[in-house]
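Student: Hey, can you work out the whole structure from these sequences and the hints?
The lines below spell out each chain.
Number of protein chains: 4
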Amino acid sequence: MAIRALVWGENIHERTNEVVRGIYPDGMHETIAGALRQDADIVAETATLEQPEHGLAVARLAATDVLIWWGHKDHGAVQDEIVERVARRVWEGMGLIVLHSGHFSKIFKRLMGTPCSLKWREAGERERLWVVNPGHPIAAGLAEKFELEYEEMYGEPFAIPEPLETVFISWFQGGEVFRSGVTYRRGAGSVFYFRPGHETYPTYHDDNVGKVLRNAVRWAYNPAPAFSALLQAPNVPVDQALEPIVERGPKLHAAGEAGFR
Amino acid sequence: MAIRALVWGENIHERTNEVVRGIYPDGMHETIAGALRQDADIVAETATLEQPEHGLAVARLAATDVLIWWGHKDHGAVQDEIVERVARRVWEGMGLIVLHSGHFSKIFKRLMGTPCSLKWREAGERERLWVVNPGHPIAAGLAEKFELEYEEMYGEPFAIPEPLETVFISWFQGGEVFRSGVTYRRGAGSVFYFRPGHETYPTYHDDNVGKVLRNAVRWAYNPAPAFSALLQAPNVPVDQALEPIVERGPKLHAAGEAGFR
Amino acid sequence: MAIRALVWGENIHERTNEVVRGIYPDGMHETIAGALRQDADIVAETATLEQPEHGLAVARLAATDVLIWWGHKDHGAVQDEIVERVARRVWEGMGLIVLHSGHFSKIFKRLMGTPCSLKWREAGERERLWVVNPGHPIAAGLAEKFELEYEEMYGEPFAIPEPLETVFISWFQGGEVFRSGVTYRRGAGSVFYFRPGHETYPTYHDDNVGKVLRNAVRWAYNPAPAFSALLQAPNVPVDQALEPIVERGPKLHAAGEAGFR
Amino acid sequence: MAIRALVWGENIHERTNEVVRGIYPDGMHETIAGALRQDADIVAETATLEQPEHGLAVARLAATDVLIWWGHKDHGAVQDEIVERVARRVWEGMGLIVLHSGHFSKIFKRLMGTPCSLKWREAGERERLWVVNPGHPIAAGLAEKFELEYEEMYGEPFAIPEPLETVFISWFQGGEVFRSGVTYRRGAGSVFYFRPGHETYPTYHDDNVGKVLRNAVRWAYNPAPAFSALLQAPNVPVDQALEPIVERGPKLHAAGEAGFR
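Chains as they are written, first to last, in the working numbering: chain A, 1074 to 1334; chain B, 1074 to 1334; chain C, 1074 to 1334; chain D, 1074 to 1334.
None of these hints come from the bench; they were simulated from the model. Note that the structure is a prediction, hence the values are computed from the model and not measured. Treat the hints with caution; some may be incorrect.
Identical chains share a label here; the pair holds if one copy fits it or two copies do between them.
Claimed, not checked - Calculated pairs, DSBU-like style, for lysine-lysine (alpha carbon to alpha carbon, straight line, at most 35 Å): (1) K1179 <-> K1146; (2) K1146 <-> K1284; (3) K1146 <-> K1324; (4) K1179 <-> K1284; (5) K1182 <-> K1146; (6) K1324 <-> K1179; (7) K1324 <-> K1182; (8) K1324 <-> K1284; (9) K1182 <-> K1284.
Tutor: As structure tokens, this is what we get:
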């Protein structure tokens, strides 16, 4: 059964900026979805900011295995309620791939618990991504490095938690470095942040970038049913303890009472 | 110079529940602060929920090296603005130690990015904490294990991110296990979660628990000045690049413009 | 294409101890291989200590995707040269699953760089394995816990490096806990240690154990060609630098010379 | 009480190569020890390859809190027995700081369990070390980056296990990046690898490098007594179990017997 990917695009600069429209005439989300569709085991749809519920209705998220997120100009326009809905789906097991300027998206900051800040410079400089974890599934089929001739610079310190694994580190012409591919788990969901993708450059038409995205979708895919238990904090009654115990000592809670939150 | 610790207590059950008042007549925060004061290199003060700004005014937090957090009954009463203030101080380098039912505090969930849920049972059962990382500074001076004869059970799965390091794992009489001491960094701040401390038992009078808390304060202490740069995302102008580069390609931003957030 | 698994068994107690022979009449390796064969995408063969080169000839290892290792009574009989050969294959990308008493095998200690010691007790006590990382592929399809009614106890501290991820933690009747499922990468190869499997109990006939082993084989499988570059330390000549640089300063090495080792 | 640091130097190139002797007339180990002595809480001595037992007699190691290791030309001359002795001391809690070409030392490879290979180029190019973990104690007092105008290039992939934490990442003029400061724990001992230090350049006279080394000694210092229990695998007799259990099921071992190794 195919992996159901959903590519979320902010879809603003593609409509308001001629340069961006020239590179991504159908929107960045369509180009990204097209890259994913090159592998037959991935079915990719798209959703955008301006749609009702940003295209992320409950039923649609429930039918999504991996969500890919690109946003930049208007992170603030994403409704907090939808952000919480996406976070819950990640905790339940949906994969999440956050791209480039999505480092400042509400959903990424929500899941990281850090500012997710960085340095930046928009000068069309050369970026070289080094594979530092060659056995990681997200690096499968790549050479030891690949280059993007024109990219925006992002520089360290990148205010993220220590990654589970670092897959790519970038070198920039102007003298900076950046952890460009990092993995996390949050609840039952896997999260991958991938740096490249400034909208004035043709990054998502690049073959290596496409391969990374397809690898990442496959890596982040969790075939298990939604793990909704992670959202509860169940009391285990004494008479249902796995090993026989005798209740003793003073108590706050009456039997069967819910805990405080 | 001494480490400035601040023990934050919810201070509700100590005033409303006779059992708790009997064990902690001055409040749990005062008992915890007393345990910290056993080492001369720690100066410990206290703050409570009912105080103005919950006792966490900007200037006070700025003068705090390590914040210890105990709350249970009314996490929701902590103002969101104060939670964000505490999070920023952690990112700047303030240490944070979250105790027991604080797993559901707003600040812990904020920094973890996960539900922080778990199983629980209030039956006064035996907890045995095993040191699984004997070289970690937080385990210094402990034997390979210690026991708390009466404790509330917390059981896995504990919905937290994979810890930087796991220091303690607990065994419970009724058949559960729990990662009872786990470390994180968030921005420039170090975070330690420590499981024991149900309010109807005398946990914070225990010598081993006191030793863990003092070790944790010392481990979480970051003597560097507040690292406020982590809250910014500075543009690096092309003419100030560390290596000479020539600007090229199309641009979104005019020179010197702030980035999108 | 199927994953080529190779189950290595010490095959001593199965031939010399009647209890073990009774449970595993064809050898533990055959029972384990049988559990793997329940999934059509895994092809499982076996190898044993007494075979020439312990059944681990160069060509056979080169044709192995994931090696499963069970040994106990005579770790010392495994030739050092074969251990190095296996280590190199792991670095090149072969998966390795180490079972139970294999914590003291030469290959596991070689790859961990630690003593891999632990506490133990052979009393047929109950072990309960809790899934602490429910979204991890190795836990797919399991309930939140499973039990083995008769098992040998292994207790913390387990002298291993901090795992990449901890998947299972065990509770034992006698009061101990243990990190029973832990993951690592070493070079391009993935390593999983799984605790259960004392030879006097029918552990490898258990359905949950079989599911874990199949999940682990799939997780550890790296379809990429052998990453032999990781065994080299290539000099990058100045005139082949990716960015133009001018050689300067004093040198130890003449151009093209190999480095010291 | 001061931290007892021991700086181990190979001391070959300082005697055979005029350039190196010119920069380090008393040997690199003496320059490094001098940098450590700038802080009053560190007492630094030195040991070299050509001394009996390489200057690492049992009693001397037992009286060492943190060992610093620089070697390059003749890693093979270090006796295997001494390597094992050092490894045991690390597992017992001694800190270890491995410098530059020590990535290929027997002791580092022994503790990592990986090839520890990398790319290299000796061209006196500029290295810029970025602090990616600004709250880490090893980065205390540093700016966000520092430069070494002349250094040997080391490039990724660096075949090490995923670090506990990455503190520094280097940018090189010729287009490579490198994880230049990485931490591990092995047993009760803390390990730090720090990249800079090619012998034909004055790296160990650099102020920032000195600060990193002093910070690292302090971070790696474990004041606890030697944790020799980690080298054992004690049987826990049934009648000494922490919780009452009844022995049952078939057994391999007679009561009190040692386990297999």
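Student: Run every hint past the structure and note whether it holds.
Tutor: We went through each hint and held it up to the structure:
1. K1179 <-> K1146: both (12 Å within a copy, 29 Å between copies)
2. K1146 <-> K1284: within (26 Å within a copy, 41 Å between copies)
3. K1146 <-> K1324: between (52 Å within a copy, 14 Å between copies)
4. K1179 <-> K1284: Answer is within: at 26 Å inside a copy they meet the 35 Å cutoff, but 38 Å across does not.
5. K1182 <-> K1146: both (16 Å within a copy, 27 Å between copies)
6. K1324 <-> K1179: Intra 40 Å, inter 24 Å, cutoff 35 Å: inter-copy only.
7. K1324 <-> K1182: Between copies, since 26 Å is at most 35 Å while 38 Å is not.
8. K1324 <-> K1284: between (57 Å within a copy, 26 Å between copies)
9. K1182 <-> K1284: both (26 Å within a copy, 33 Å between copies)
Checked against the numbered hints given earlier, this structure breaks none of them.
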